[in-house]
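2 protein chains.
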Amino acid sequence: MKLTGDLFIGGERRQSSQSFRAHDPARGVEIDDAEFHGATEQDVADACAAAEAAFLPYSTAPLEERAKFLEAIADEIEALGDALVERASRESGLPAARITGERGRTAGQLRLFAREVRDGQWQKLRIDHADKERTPPKPDLRLRMVPLGPVAVFGASNFPLAFSTAGGDTAAALAAGCPVVMKGHSAHPGTAELIATAIERAVAKTGMPKGVFSLVNGMSRSIGQALVADPRIQAVGFTGSRAGGEALMKIAAARPRPIPVYAEMSAINPVILMPQALKARGGALAEAYVASLAMGAGQFCTNPGLVLGIDGPELDAFAERAGEVLSGQAAQVMLTSGIHEAYEGGKTKLEGSPFVTKLAEGAEPAGPTQGRAALFSVAGKDFMADPVHLHEVFGASSVLVRCADLDELVGVLSELEGQLTATLQVDEGDYDAAKRVLPVLERTVGRILANGWPTGVEVTHAMVHGGPYPATSDGRSTSVGTLAIDRFLRPVSYQDMPAALLPGALRDGAQNGVVARIDGSWTL
Amino acid sequence: MKLTGDLFIGGERRQSSQSFRAHDPARGVEIDDAEFHGATEQDVADACAAAEAAFLPYSTAPLEERAKFLEAIADEIEALGDALVERASRESGLPAARITGERGRTAGQLRLFAREVRDGQWQKLRIDHADKERTPPKPDLRLRMVPLGPVAVFGASNFPLAFSTAGGDTAAALAAGCPVVMKGHSAHPGTAELIATAIERAVAKTGMPKGVFSLVNGMSRSIGQALVADPRIQAVGFTGSRAGGEALMKIAAARPRPIPVYAEMSAINPVILMPQALKARGGALAEAYVASLAMGAGQFCTNPGLVLGIDGPELDAFAERAGEVLSGQAAQVMLTSGIHEAYEGGKTKLEGSPFVTKLAEGAEPAGPTQGRAALFSVAGKDFMADPVHLHEVFGASSVLVRCADLDELVGVLSELEGQLTATLQVDEGDYDAAKRVLPVLERTVGRILANGWPTGVEVTHAMVHGGPYPATSDGRSTSVGTLAIDRFLRPVSYQDMPAALLPGALRDGAQNGVVARIDGSWTL
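Quick note, the sequences are listed as chains U and F, same order. Counting from 1, position 53 in the first sequence corresponds to residue 53 in the numbering used here; the numbering is continuous, with no gaps. Counting from 1, position 459 in the second sequence corresponds to residue 459 in the numbering used here; the numbering is continuous, with no gaps.
Among the hints, erroneous ones may be present.
Distance condition first, Cα-Cα at most 25 Å in a straight line; then the derived DMTMM-like pairs of lysine to aspartate or glutamate [claimed, not checked]:
no., chain 1, residue 1, chain 2, residue 2
1, F, LYS381, U, GLU52
2, U, LYS68, U, ASP486
3, F, LYS2, F, ASP24
4, U, LYS435, F, GLU65
5, U, LYS435, F, ASP24
6, U, LYS132, F, GLU64
7, F, LYS435, U, GLU52
8, F, LYS210, F, ASP24
9, U, LYS250, F, ASP131
10, F, LYS124, U, ASP33
Simulated from the structure, these hints should not be mistaken for lab results.
All chains, full assembly: derive it from the sequences and hints.
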């Protein structure tokens, strides 16, 4: 399929006088097969107007139609075949196998949200019947969740499919009944165009209103800024840097009518080596740790950037083995030259800390944007002395924190900012100590793992991919899993509404297998 | 009971060098039986530290103990007897019967949240079992909601009991497992002290950690500002003016770690007179409208400040009858002299609009802070011409909007800001027209009523007392009813956690009648 570089504005293809090209980070060259058009302020406004016009027909269409639309997007993405894998791999530097897996995840999560739409539970139906005999009379009240309105979603650099054009936020917003205006990531415009074409086909096939999806691309930050400021946009989904997320939060808060921003921003994802586990299997833990750290050039939000243990010969052995394995890691192509530069800068800052020792480095880079893995060490008592130790270094860099004892380890954990994940390496003999650590983690993170590694994020019902600030801008939400639909909903209640005017699902006996709370009792 | 004027800081009584007195708005005089102590920055910091220290023991105590604590507060409030009713009535100018009703509501809502704590559904338990055969292996994931941390609650001028010291936000936060630091409203410090004494007794009786509740009082805005800025505070509940709410939002957004603010701020609560209903019962509607408008001197957040109808002889008759009834309304004591001044200023601004006609006024005031009801009229086509028409005038003032036809009426509704409520007066012959109006209301309001009046807010499961900006700062939430517990919770997920380390409710088979989502299915 030949790429056109078009913008997708409410079902209409557009071009503009501003253009940019994609890059191949592995080769360090421009990809010259297409010129991509940068959106103007008018394009953004038109996309938002189209989304607003689509809101009522889309959100009031039968749920079965909404579900079929999500499934059609999944089908059309798969129908793009190898062209999608090749393009996404070329624009991101990620291997084809990884992109193929990500495509499966993306289609899978669209289908999961289709099932969630049909499940209907997200409507949170509640009915309190009237009691006219009471003094004063008790009214009839019925509650359901409704969609917020048009949603702006920002593509992520590190997941060109699963967190981008038809990724998690898009799927959750569409499932909730919200049209989406997508700001494509400038690093993979061709991938975004292919996906937008798939959505365009799904819209046509299922007869959805055209404004239900738009794609605005471009290199200028003003595009995203205009999008978040547009009065028709009612919520924002973002995955990226802390600076980027905080900039969008400021714009959203300064609007005449502020809106929620769900920005996933920054995490160093502590791994805690509990003493018995470290003793029993320190070598294996060191190997698995480096594998999790270096996977995908370390470009995961849940990458283990921090590992904590109690000082002693077992921790020395762990550090030595981790250093050995890490030294053998080949340098890997990073997503963009900007990300590569930021990675090198982050490591340099860490090295500049007087408290930090470099334990090991991966192999020398063999190409322009290749990131070299790195492992540092710092004493627990010094960890809080320099805020640079707390900053995420996006890439395969990690810091080992050597704590004097469990008290110091708990103290360091208590001082951490909000995190997406924390991981306990824990054996039965550690359980008492773990019970001191867990309450601290519950206050700080979205997901707590035992004896695993944080870099897999399962798309399912009980997943939380979120966490307190600055892991995300809003710790009350998740960006992965079915609970993500909640972020684009709000409650409305209906008092003494005649049945003819009530939404169907709120009429007596019409809950059709959805769990509803009726007069306080939960009924299936 | 003799009032001491004490501050309540984490179970310790304190005094300070700054003092203030309560006022009796009906007589326009100071109440000289007690000097109240104004909190210093140190008092605020100490209260927050105590709340932080109480968080872990309070949030991890058995749910049955938490429920008993809430019930004990209700019991102790009732045990205060007539002294509470007399004091609250004197400090607010509200009649004793109204305060007695509000006391019943306050105790009732504490007991409702006690049942909600036991119900356990708010934990939103989800379990996805592992599938080790899958490639890659699927982990075991389990999710529950946990409390956010210490919460700051601000007392409201217009509900000295139900939205103040032990009011809705306090009950919801305590039910969620969050300690509360209360900023008492400076208009009713004696009432706040009495309630704080009841909570103090309940803490002692049920053995709760002392920092679970603190009360900081004072006239200075810096107290509330310091409270919202304190890093230990994790969420804010506020009911008051738009300016006050927006000031707190700004402080919360500017923190190094921003936190959610639930501010209920401003609404004009449109009532829509559908043509057939107006024709069939315009006179009765006019009388009921004025009764709802003037109740409690119009000092309800859900007061009907706007009524819309389609121009014609029926609307003329409605306006005439409403004007007649309103003219016979006695002036009523308002809550504070400041609120009375703002009310008079708001009416003056409305009168200054070139598009507005004054239809009627209530009787002349007979005392210093008495508010005089007022009814204005404006043409639908002029309504959007001056933003002054949109501003809430807190008190018994309302604007009749005369629309040329249904299109214009829908147009005016589409332009409204977010509202707590909208009310349809609707007969069967209006249903087709109502179906055009309802989707507009669903986007704009938290609660839609048919054939009632918005000024009663039932405390129950299906209530939404909330709405899009600026009705509240966060339309995803309600401040009344059991769903309010959600505002103080966030999700945490546990991956491959050994049963011995899992929270009890997440172990297999331990859901005890709570609806849980297990492997995607909802089970009771």
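To see whether the hints hold, each was checked on the structure:
Simply put, LYS381 (chain F) and GLU52 (chain U) have alpha-carbon atoms about 23 Å apart, close enough for the 25 Å limit, and the pair holds. Proximity of LYS68 (chain U) to ASP486 (chain U) is assessed by CA-CA distance (about 20 Å); at most 25 Å being required, the pair is judged to hold. Note on LYS2 (chain F) and ASP24 (chain F): the hinted pairing holds, with a Cα-Cα distance of about 18 Å set against a maximum of 25 Å. Simply put, LYS435 (chain U) and GLU65 (chain F) have alpha-carbon atoms about 21 Å apart, close enough for the 25 Å limit, and the pair holds.
Distance restraint check for LYS435 (chain U) and ASP24 (chain F): the Cα-Cα separation of roughly 53 Å exceeds the 25 Å cut-off, and the hinted pair is therefore not satisfied. Proposed proximity of LYS132 (chain U) and GLU64 (chain F) is contradicted: the alpha carbons are some 33 Å apart, above 25 Å. In summary, the hint linking LYS435 (chain F) to GLU52 (chain U) is supported, as the alpha carbons are separated by about 19 Å, within the 25 Å threshold. About 32 Å separates the Cα atoms of LYS210 (chain F) and ASP24 (chain F), which puts this hinted pair outside 25 Å; it is violated.
Only pairs whose Cα atoms come within 25 Å are accepted, and LYS250 (chain U) paired with ASP131 (chain F) is rejected, the gap being roughly 43 Å. Annotation: proposed proximity of LYS124 (chain F) to ASP33 (chain U) is violated, straight-line Cα distance about 50 Å (limit 25 Å).
When the structure is compared with the earlier hints, violations turn up for hints 5, 6, 8, 9, 10 and for no others.
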